[in-house]
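Going down the list, the sequences are from chains A and B. Its first residue numbered 0, the first sequence is counted upward by one per residue in numbering that gives the first Met the number 0. Its first residue numbered 0, the second sequence is counted upward by one per residue in numbering that gives the first Met the number 0.
Hints were generated in silico from the structure; no laboratory data involved. Keep in mind it's a predicted model, so treat the numbers as computed, not measured. Don't take every hint at face value.
[What the hints assert, rightly or not] Mimicking BS3-like on lysine-lysine, the simulated pairs with C-alpha atoms at most 30 Å apart in a straight line are:
#, chain 1, residue 1, chain 2, residue 2
1, A, K81, B, K522
2, A, K38, A, K85
3, B, K14, A, K170
4, B, K293, B, K14
5, A, K28, B, K522
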Amino acid sequence: MQDDYALVEGCRRQDRSMQRLLYERFAGKLFVVCKRYVKDPDEAEDILQDAFVKIYRHIDSFRFECPLEAWLKRVVINTALKHIRKQKPWEHTTDVQELAPVLPQADESLPTLNYQYLLQLIQELPPGCRTVFNLYAIEGYTHPEIAEMLDIAEGTSKSQFARARSLLQQKLQSDGHPAEGRPR
Amino acid sequence: MDELEKNMPDNFWRKAFDEAAETPPPRVWDAIERRLDEPDSTKILPLWGTGLASSRPFVWSTRIAAAVALLLLGWWAVQTLPSANLSYKRNAPNVIAQHAEKPANTPASKEPTATEQADQANSSTELPESVASASKPTTESGTKTLAKSGRQQLSPFKPYPASALATLASKSRVPNSVGSELLMKTGQLAQARTAPRMSVTTAAAQASINSVVASQAVVTQTDGANPTVTIAFEPLSGRSLRLRGFGQIHRIVWFRPAEPELKPEIAQSKQRSRDAWASASVMPGSFNPMVSIKSASVASVGSASLDAIKASTTSQQNVSSSPNFSVAYQAGAGVQLSERWSIESGIGYLAGRSTLETPAQFSSASLSAGFIQNSASSNLYVDALRNSIHRGDLAYAVPQANYANVSNSAYQNSYNGQIRQVLTNDYQYMQVPVQVGYQLRPKKKLSLALLGGIITNIFIRNTVDSQLEITAKDGIYRPVSLAAAMGARFRYRPTRQWSASVAGMYQPSLGLGTQSESQVQSKPNTAGMSFGVDYHF
């Protein structure tokens, strides 16, 4: 935290070296976050770039009320969502009630897999499903929060998540990981 | 962070990406640095306003302020522009006077402005030092000097080089200078001619100027050696370059193109609708003279025919005419009075034939059962015609012997109803129709018009059975008679100028076609189909 404080203070002074340190420290993780939300690497770079510019320009709004990494991650996610929102990936979505019988449950017995493989699976998802899955399964937002963030219905969020999980389980099963596809 | 941690439905995915990291390419940081160096001035000012700007009083006060500002701006423009024009007009003669007053050999007394330098370049003949050096016979020094000065002063982005222009102008106008009368070759002349016309400060202009000076120097050097063609030329004096400043417009060109005289729209429509045409037509049809023998007037005729007429009256014998083929030719012209009404007239010729059946006269020589064909002056019709001929023309029209036969009492009962004679009558008329037409389908390619009017029939002659010819001078037929004309006409106009027409016409006579005192009464009528061709002007 002490290092984070120094980094934030340096960035508030618009110290370029401190800005660079902040970037080098968190850019790797945040870049993966970006890649989880968009399939195109160039788009991920653009999102990361926009996010860091926002971070540097609004660093004064950070009050150390949460870990710096979490704040940075939220800025990146918001930037990614703003980028995705322009593409309106939630049009022509299905309500959750139609998919309720096939909703799979969370499975904690999954073996540890390479994140790059999982990242590839996530990137293969349709944009709407991918976003909801990221927000719900990885970031930890609830469906009402996701609905509000994405300006969609809560049912849409649920259905998109269910569809993402279904697609991911099918993919995992086809790749030789049958345990992930077993509903509970 | 609590918010993020409170909902973890799938720890597998969360853990999988918890420590995942991937170094972004260096270009990302480079782009971030560039953007950080840029000023953060990309704020968007919403026109609709937020907060105070969106409040109604603020909006209205802004609108009122904008309106007042526009009014003030308009007032300023109205007050300013006319005065600017006046000042320009007032100053314009001075400017011209300044140009005119500049003498040919008077140097400028004060430091000229850029515009005045340009003006002086065309009028002043004082040679600058660079030109003086260039006019020296030494080729190298002259070329270098001017070229050097040209390079120094001529720039594609600088104002008009006054000294360079002065050089060209003075060279071409001073009689004793090199450029006034050049002995040069043809190729060099082209360069020299084009160079003074240059008015744009470009690199090409600089090169041309240099080439002129160089050529002049060369020509000067070869003056005595080569007796080439001597050409004196007067270069065109270019317009002085005047930089246009910002602000008001200093010159307004009033131009009003020649406009055609405007006529009232009603008059134009009338003029447009007055379509005129000429036509030629032929009308085959039937002609019926409707001949009858007037018995009441017989008493006034001479006693020689009295007995014969009495006999015919008492026996109820009369003539009957039937229509036969006729043809009428007509050349006419018409004009459209309005969209629907038209009037037309012309001149025509009618050749009508009719068949007439008349009681015949008893005659031992020609007696036979039934009809007597072609028996001259032996029937009621012919006798009536002869009786109707005026006495003065009697000898001309009818042989006296025949007429005596009619008066003979032996023939009193000779017009027997059982013996009838058929005669042919060939009528010839000149016709002058005046018709009014009403268009039922105006301005259509296939038009339909109702026609009505009066036809003036001018009697020419009537030939009875190819033997007896009655003319207007005989006093039987009216020289001029009137007939009505009515009908309908279809006109097909495929082109603007040509049309074809088909008309059905009926022309009943409005009165007797014969004189009232004549025994023979005729009231002819004609019916037929007219086929015509029209040319529209």
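Mind checking the alpha carbons of B:K293 and B:K14 for me, to see if they're no more than 30 Å apart?
violated (138 Å)
So if I understand the rule, the pair passes when the alpha-carbon distance is 30 Å or less; does A:K28 with B:K522 pass?
Given that 30 Å is the threshold and the Cα spacing comes to 122 Å, the pair is violated.
Is the Cα-Cα distance between B:K14 and A:K170 30 Å or less?
holds (19 Å)
Taken at face value, is the distance from the CA of B:K522 to the CA of A:K81 at most 30 Å?
violated (105 Å)
Hey, A:K38 versus A:K85, does the alpha-carbon distance stay inside 30 Å?
The hint holds at about 15 Å.
Hint compliance for this structure: hints 1, 4, 5 are broken, all remaining hints hold.
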